[in-house]
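Listed below are the residues making up each chain.
Number of protein chains: 2
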Amino acid sequence: MPINPQILLDNRPTAEATLGNFKLVTLETPPLQDGQVLVRHHFLSLDPYMRGRMNDAKNYTAPQPLGRVMGGGTVGEVVESRSPLFSPGELVVGMGGWQTYSVVDAAIPGALRKVDTRHVPLPYYLGAVGMPGVTAWYGLLKIIEPLPGQTLVVSAATGAVGSAFAALAKTRGCRVVGIAGGPAKCQYATDELGFDVCIDYKQHADTEALSSALKFACPDGIDGYFENVGGMVLDAVMLQMNAFGRIALCGMIARYEGKPLPMNNPALLLTSRLKMQGFIVTEHLDLWPEALQELTMLVATGKLRPRESVAQGLAAAPDAFLGLLKGKNFGKQLVKLI
Amino acid sequence: MPINPQILLDNRPTAEATLGNFKLVTLETPPLQDGQVLVRHHFLSLDPYMRGRMNDAKNYTAPQPLGRVMGGGTVGEVVESRSPLFSPGELVVGMGGWQTYSVVDAAIPGALRKVDTRHVPLPYYLGAVGMPGVTAWYGLLKIIEPLPGQTLVVSAATGAVGSAFAALAKTRGCRVVGIAGGPAKCQYATDELGFDVCIDYKQHADTEALSSALKFACPDGIDGYFENVGGMVLDAVMLQMNAFGRIALCGMIARYEGKPLPMNNPALLLTSRLKMQGFIVTEHLDLWPEALQELTMLVATGKLRPRESVAQGLAAAPDAFLGLLKGKNFGKQLVKLI
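Those sequence lines, one after another, are chains A and B. If you count the first sequence from 1, position 232 lands on 232 in the numbering used here, and the numbers rise without skipping. If you count the second sequence from 1, position 313 lands on 313 in the numbering used here, and the numbers rise without skipping.
The following block holds chain A by itself, in its conformation from the complex:
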């Protein structure tokens, strides 16, 4: 049986997550049972939601169990199969976790999905044509519901969600303004991702300064906001929202580490008659086919060309993950396992 390096959650963070929370171990993969397939992972996806699962707190998913392989999305190749549904050599996306191989019960609906790499590179199925892309699609179409000519803003603009959001919004005739950290990301957002403007939040010391920059970038106000970070950025955007604006909420990176971040002026929800709605994209699986079809088309036609940050080898995953939480990645954060 193949040797399978894997990374476990060894203990929970008390404040910021650290390398010491993780542990690398190596096991043999068990022999396959009937109905199971063995998948050799090519790429592992690192995503902010994983930080939430490291806490033993009320969250939208169960906490990551201690002493078990860290969960996570993977793409790879079937190398052995005792299921009629999959054959060796087929490429699949699944939730294989932070390890080199996974053994999967192939009959569980949604456990593995075959993918086609003729028009879409394999790792894109973890980003633009995967969970982050569908997240952008759902927030844009089901919560923000944009009209042509409206102004939309997204934070973490150059990440997997932000880049898909820009492409989806531009095809609907919207003005799209990004918020990102640092001049390189901002330049990339406008040069490559189609953003009309991108604001470097690191250049703005407080809510008022960031809000002024948003006002300059959004002279007609903000109609929709896709929230990825929380804290000062959310406060600043809320000050510039138009009446009847919509805020889609799918992550608050700033919240995952340490203490809760308040929303300083919730009365704006009333005075501007805003709608703010949180969602988890895995609770809307019925919409994934429609979303993935559009995202595939955007990639195949060159309208969505997301950037990736690729860490090399499973052992590099914890450090890459901690960097992601601090915004050190540039584009979709992956770990190459082959």
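It cannot be assumed that every hint is accurate.
[To be verified] The calculated EDC-like cross-link candidates involving lysine to aspartate or glutamate, where the alpha carbons are at most 20 angstroms apart (straight line), are:
id, chain 1, residue 1, chain 2, residue 2
1, B, Lys-328, B, Glu-192
2, A, Lys-142, A, Glu-290
3, B, Lys-142, A, Glu-145
4, B, Lys-336, B, Glu-90
5, A, Lys-142, B, Glu-145
6, A, Lys-303, A, Asp-220
[Stated by the list, open to error] Restraint ranges, calculated between C-beta atoms of paired labels, are given here:
id, chain 1, residue 1, chain 2, residue 2, range
7, B, Asn-55, A, Ala-316, 52 to 58 angstroms
8, B, Arg-68, A, Glu-16, 39 to 45 angstroms
9, A, Thr-61, B, Lys-215, 20 to 26 angstroms
10, A, Ala-316, B, Asp-286, 55 to 61 angstroms
11, B, Pro-30, A, Ser-212, 44 to 50 angstroms
[As the list claims (entries may be wrong)] Where chain A lies over chain B, by a calculated footprint (3+ residues, C-beta under 8 angstroms):
id, stretch
12, 175-185
13, 237-251
14, 265-276
No lab work stands behind these hints, which were simulated from the structure alone. Ideal Cβ placement from N, Cα and C applies to all residues, glycine included.
Let chain A serve as the given structure and place chain B on it in line with the hints.
Leaving out everything else, chain B in the frame of chain A:
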């Protein structure tokens, strides 16, 4: 021409509103022009939104101009008419302001509405069968969208909005829990207004204590919340909201006075996948007839019997208004002008 005592906004509050912000003056009403009617007010409505208008700040309505009659809802009788639309002796509801008479251009749509006092007492058109009642109706039906058996919570439970909310929610088969200040209001809420339980927030020193009381009162969690106050109450309710809960936001009394109140844990909007939406009921005039019809029926059949706090005489309006902002009223706050 009749003598018309009126109360002006003389200067704006710097923190809490005070009696010194208002000024009582007396003028003659001007002669009527063609198309105008003269209305003698019987009751003036006092409402929390008026506090927001006293500030010179971004709000959902234009600020109350200085040196002008305070705006406000009124019911009264047409005493003179140069319009074919209204005759002397007819009872009408309108926005006559803090004064004894108003001169109204009768052709402006919605400026005056005739009312029928056979089944509904005249002052109810400022409360249960008026703007506050429609506010409760809109928040319940258009934002919370309750299902039978769900648990709903409303703050400021014995006020004009809260009492209508309870009656509307009970007819839809919901469990309705109120939050109010003091044992007398809480007893009234359960004895007379149909609440299943009412929690006295003054008995709970902090968010955690209030949240525990809510958990006890709502063993199946909270599916919908009608928010009237903000601050600690909102924080406590959010901790007990079920997944996919809805929060309708039409007022934040606690916000009107002094500094903004933060929402301490907005990440709950994400982890519980909540929808929170602010609204202003005067922006949805197309729905008023449907809402008023149901509210009239609830009053006529005795299912909605709201309580009123009535101040005597125009000169008492400022003090009654300041009391309303501190929760000293018990039920809908009115000023009797006749």
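Legend entry - Those earlier numbered hints the structure runs against, lowest number first: 6, 8 and 12
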